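4 protein chains.
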Amino acid sequence: MVIVMQDHANPEDIEEAIHQVKAMGYGVNLSRGDERTVIGILGDERALDWEHLELLPGVEQVVRILKPYKLASRESRPERTIVRIGPVAIGGNEIVLIAGPCAVESREQIIETAKAVKKAGAHMLRGGAFKPRSSPYSFQGMAEEGLKLLAEAREATGLPVVTEVMAPEQLGMVIEYSDMLQIGARNMQNFPLLQAAGKSGHPVLLKRGNSATVEEWLMAAEYLLSNGNTRVVLCERGIRTFETATRNTTDINAIPVIKHHSHLPVIDDPSHAAGDWRYVTSISLAAIAGGADGLIVEVHNQPAKAMSDSAQALTPEKFIELMQRARRVAAAVERSI
Amino acid sequence: MVIVMQDHANPEDIEEAIHQVKAMGYGVNLSRGDERTVIGILGDERALDWEHLELLPGVEQVVRILKPYKLASRESRPERTIVRIGPVAIGGNEIVLIAGPCAVESREQIIETAKAVKKAGAHMLRGGAFKPRSSPYSFQGMAEEGLKLLAEAREATGLPVVTEVMAPEQLGMVIEYSDMLQIGARNMQNFPLLQAAGKSGHPVLLKRGNSATVEEWLMAAEYLLSNGNTRVVLCERGIRTFETATRNTTDINAIPVIKHHSHLPVIDDPSHAAGDWRYVTSISLAAIAGGADGLIVEVHNQPAKAMSDSAQALTPEKFIELMQRARRVAAAVERSI
Amino acid sequence: MVIVMQDHANPEDIEEAIHQVKAMGYGVNLSRGDERTVIGILGDERALDWEHLELLPGVEQVVRILKPYKLASRESRPERTIVRIGPVAIGGNEIVLIAGPCAVESREQIIETAKAVKKAGAHMLRGGAFKPRSSPYSFQGMAEEGLKLLAEAREATGLPVVTEVMAPEQLGMVIEYSDMLQIGARNMQNFPLLQAAGKSGHPVLLKRGNSATVEEWLMAAEYLLSNGNTRVVLCERGIRTFETATRNTTDINAIPVIKHHSHLPVIDDPSHAAGDWRYVTSISLAAIAGGADGLIVEVHNQPAKAMSDSAQALTPEKFIELMQRARRVAAAVERSI
Amino acid sequence: MVIVMQDHANPEDIEEAIHQVKAMGYGVNLSRGDERTVIGILGDERALDWEHLELLPGVEQVVRILKPYKLASRESRPERTIVRIGPVAIGGNEIVLIAGPCAVESREQIIETAKAVKKAGAHMLRGGAFKPRSSPYSFQGMAEEGLKLLAEAREATGLPVVTEVMAPEQLGMVIEYSDMLQIGARNMQNFPLLQAAGKSGHPVLLKRGNSATVEEWLMAAEYLLSNGNTRVVLCERGIRTFETATRNTTDINAIPVIKHHSHLPVIDDPSHAAGDWRYVTSISLAAIAGGADGLIVEVHNQPAKAMSDSAQALTPEKFIELMQRARRVAAAVERSI
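Residue numbers (the working numbering), protein chains in the order written: chain A, 1 to 337; chain B, 338 to 674; chain C, 675 to 1011; chain D, 1012 to 1348.
Don't take every hint at face value.
Computed Cβ-Cβ distance ranges for the label pairs, DEER-style [to be verified]:
no.	chain 1	residue 1	chain 2	residue 2	range
1	C	850	D	1088	36 to 46 angstroms
2	A	148	D	1087	49 to 59 angstroms
3	D	1186	C	685	18 to 28 angstroms
No lab work stands behind these hints: they were computed from the structure. These figures come from a predicted structure and were not determined experimentally. Idealized CB from N, CA, C, for every residue including glycine.
Whole structure, please, built from the sequences with the hints as guidance.
Right, here's the structure in full:
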C-alpha cells in the first residue's frame, strides 16, 4: 500500500501520516518526488483497515498494491486445483459438461432430460429445486420434492447432481440430496450462506454476481476457502452491461484472467449469459477455446413447456450437436471431453 | 403483451401462435402490417409465463406491455404511502434524516454519535450490527451485542433505530431490538429474506441493489408487499457504473422515476454512493431538491477511528452543517425538516 | 508512479527495472516489503510513456499516482474560472439558464421559442443546426440556414447563442453565427475537432461523452486548454448505464467531483439525461442544489411537433415553472438566477 | 410500432391518438385489453418520427417493433457479404488475420513487423498513422509520413494495409496510401466521417464504440451502406463495463448476435479488449470458435519500445504461436486460416 500525499503537502502532515502507519505496526518507506511525497507501507496490507488513512490532513489518496485475496491466489497455490465430484474431476485436462433444465418441474421432465443429456455425453446433471425469481408471482421451484426427483434422476443415470441453495437453513437438505451446491449469482455476496457452505465442505459451484468484479468474485471464493472448503469451482455467467441484445454479456476475458490470478477451476454458463438458445452453442465453443474447464448448459426435454427460462434452453437434439462441436474444439486446444 | 412475428411469417406459424395464446386462456388481437404481423394478447400478462412463446416457429420476439409489479405501482394505490416508525413519518411533507455510524463499534461510540446526531436534528439512528463485508478478513459487526447497544442508544436519545438484517434466521433478533429493518443492497434479491421480512410486518428500508434496475427494485418491494407488509421505504444508494471517481453513481433520476411509478416513499444514501465524505453534502442537497423523502447519512463521532467505511463518514460538526443547509433546500421545495 | 514487482521477484529483475527508469531520466526510490518490492518513480509521470514498463520481467503492475490532466486541475489554478459569453458569466455566483429547442426547425419555431425562454428569464439560447442522429434516415438539421435563424433569434432577443459543431470544417461557419460552440457527447473524444476548437479561442461547451469517465472528460478539456482556449464550460448530460428507465443516468456525483478536481465551470443537461420531460424539473433542481453552475434545458414552443427529441422538451409554460422553482433552490444554496 | 395507452385511458384520448397516427399516413389496429388499450401502427415505422406520440394525453409509452436498420439486416440481404480487399476476402470460409503495431513509429519498425507477421501467415497489415490519444501530451502519430511507410511495408510484403482515419479531411490522403479505412471506436458515431467514408466506396473496418449497443453499431454501418458503400466489415473490440481487470470487456455474445441479425462480416480485436498481451491468445481463440470472420491483433517487433499500447502488443514469436493455435481452432469449426 502507498499513501500519496497532496501536492506540496506540509512536513507536519507527512510526519503525522508516517506516525499513524508506524503506530499500526507497519514499516514505512518515503519517496519525495517533485510534486508529491509517497509513503510506502511495508507489511501485509490485507490485515490493515486503511480507509481512515485517507482522512488524514494532507493525504490525497491511499493506493492498494496487493490483491485482497490470498487463499484463492495462484501465489498461495501455484498448482491448479482439481475439484472431484464423485467420478467427475473439474479443472483437469477433461472439459466437464453439466446439463439439465433450469428448474425441476416433474418426475417425467427431469428423468427424461437426465437420460437425454447422459446419452449425449454430459458428465453432471443440473436442475433447480429452489428458484430465485425476480417476481413473487413466478414459479418458485418444487423445494424438497424437487430435490428428491433430482436424486432419482441421479440414480437413473449415474450423473452427479448440482443444485442451487438459497439460504443457510436450506443447506442441510440440499447437501443430503445433491453432489454439489450451486451458489447463484444473486447470492454471490450472501455472506452467511458463503460461511455456511464453506463450513459444510460440500463442493460448491460459485456463480459470479452479475455486477461483481473478478476481484469480488475471488473474494467470495475466499469466504469459502477460509472457512475450510477447498472444493470450489467458479462459474462465469454473464455480467450486466448497457447492452440489451442479450440477457447478459459473457465476460470471456474473465476466463484467462481467472487462470492468471487463481488456481481454481472456472466454467462457463452460456445459457444465462445469452438468454436465447440460438446463441448458446457459439458462446459454448468460445468458452472452451478461451480456456474454460467446463460448461453448464440448460437443456429441457420440451423447452416450449418449460416453466422458467424456456427461451434459453436447448432441446436434447441441439445439445447433442453442441457436444459434437464442443469435442472438436476441445481437441483443438488439446483437451478432451 | 404483443407477439411480433418474423418478416413474412407464414400463415401456419401465425395460426399456431394464436392457438397457443388462446390455449392459455387469453384473447388475441391481430395486426397485419406490411412487413410484420403483430399478435396482441388480451388479459393480465403478469400471470403469464410467456418466455416459451419466443420459441414458437416464426416468432421474432415477445414484447411485454405492462409493468410486472402491481402492489408497488401508483395505479394500484394513487395516494402516497406514509410509513410510520414510532413518532417518525416517512413519505409525508417532512424530510426525514437518518444518521449514525456504518457499524456499531462500542457503547461509547454509538451513544456519543447518537447524541450528536439527535442534537443536530436527526430523526432516526442508523448503525450496523451485522455487516456484509467483501473480505472475510474484515470486521463483521458485533451481532447481538451491537443490537443491544443500539437499543441503549435509542433509550438515551429517543431516536428510533434502523439496522441491517442479513439472513432470515437473524430476523427475530433484529426485530426485537430495532424499529426498522434494513435490507442491504447485496440482499435486495435475497428472496427468502424478503419473504420473511414481508411476513414480519416490521417496517423495512429496502436498499437498491447496486446493479438493480428500478423495475427489479420495485419487484423486490413487491415481494414485501405481497407478503403483507406495506411499511416499505425505498433507498437509492448508488449504482455500479464504469465511473470510478466515486464508489458508486447516485442515480438521481431514479427519485422522480420512483415517484412517477410508485406510491412508496424513497430516500437517498449519499454516503455509500460517494464513498467520500467530501461529496456527501452536495449529493444530500441534490437528493432533497430532486424529491427524496429523506436521507440516510453516515456520521461517526471519530471517523478516523472507524472500523469500516471511515472515508465516507461525516464528523458531527459536518453533519450539523449538512442539516442547516438541508433545511434551506427543503424549504425551497416546500418541505420541512 | 510506482512499479510493483511480483511476489519475490529476483534481484536481477529489480535491477533491470531500476535501470530502465533511470535511463528515461527519472529518479527512483526503492521500498522492499515482505512480499513485494515497490519502485517509486520520481518526476513528472505525465510526460512518461510508461506502459512498456509493465512488460519487464518480474513486474506485476505499474500504478499511476498523478492525475493525467494538468491545466484543467485546481492545482494548476486554485481560483475558479469564469467564462464570459457576451453579457453572460458562467462559473460565478449566478446560475446560468440556457434554453431552446433540440434542433432549429423553422424561423417561427426558433424565434417564438427564443422569445418565450427570454421572457421566462433564460440567459442564453440553444438550438442545433448540425444534428448528430443515430439513424441516417432521421432529420439531420438545417445546417447554415439553421445557423442564420439562430442569429436572427439572437437579434430578436439579445440572447447569446450556443450551437453544436460536429467537424473541424464546420468550425468557421459555426463561429461566425454563434457565441459559443457546443461539442457534443459523441464528439468528446473527436481530437481533431478539439484541437481546432482549442485553437479558435471561441467559448466551448464541452459535453461529457456518455461513457466517459470524469478523468477522460477533463483530458478532453485539457485538449482545449493546451491549445490555448481557456473559455471552457463542462456539461454533464447523463452517462450510459444498465438502467433503462431513463435515457441516460445523470451522474450527479460528478458535479462535486469536478468542483473538487477542477477550476472549470460545470453545468447540467437534464433533458438528454432523462429523455422524458416529466423528470426534467426534478433533475434540474437537484443539479442546482448539488452545485452546478447552470442548466441547459430543451424547450420547444410546440413539443408535439418537434422533429427530434420531442419527448424530452418542455413547453414554455413548464419552463416558466422550472425557472420559478430553480430560483428558490438557487437562493437556498446562496446563489442567484 | 405500438402505442400503449395508460390504464383506463379515456375514449377521447384513444381517438386523438388514432387520429394523429392516421394523419401521418399510417393505418392502425386497435386492441382493447382489460387494463390497457394498445394501438398498433401499420406501415414502415423507420420513416416515422414517433417520439412526440408519447406526449399525447393518455399515452403511456410507444414501443418500437422493427429494427431501425434496414440495409444492414439479414432480411434485406439473406446471403452473407464477403468484402474483398485485393487478394483478401473477409466473410468467407477463410478466417482473416490482420496484424501489426498500434502505431507506425519508424521505417525499421513497420517494415520489420510487417515481414514478421507476413512470415507468420497474416493476411493484412495494420498500423496507425493518425492516433486518437486521450492525452494531448501523448504521441499522436506520424500522419502522412506514417502512411508512406505503411505503403512501403505493403510493397515489401504484399500485405494490404488497413489504417485509421479520424476526420473527413484526412480521407483523401488515407485512401491514397491504404487498402482499407479503419473507423475507430471513438468515431463510430462521427456522422460526417461515416458519410464521407460511405461515399468514398473504399473498404471500411468499422470498430464498435466502447459503449455502443449492437443496434447502434449496425446503425453506424447503415450510414456507410446508405451512402453507397457495401464494403463494410464490423469489428468488436470490447465494451466499457464496470470490470477493470481488463481494459474493456470483449462482448463475445455480439459475434453470434451480429451473425443472426446482419449479413456483414465481423472480426474481433482481442488486443484493445484485453489491454494485456497475456490474454490476447485466449480471447483470439474464443473469438474464432465463437464465429468471428477474422482477428486484428497488435504485434510489434519490440513491444518494450512501443510508443503506445505496448502492454497489449504481442512479440512476433507470440504471434507465430497464436497463428498455430488459431489454425487448429479454425479447423475445429470447419474454417481455414
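Point to revise | Violations among the numbered hints, reported as their numbers in ascending order | key: Of the numbered hints given earlier, the structure breaks just one, which is hint 3.
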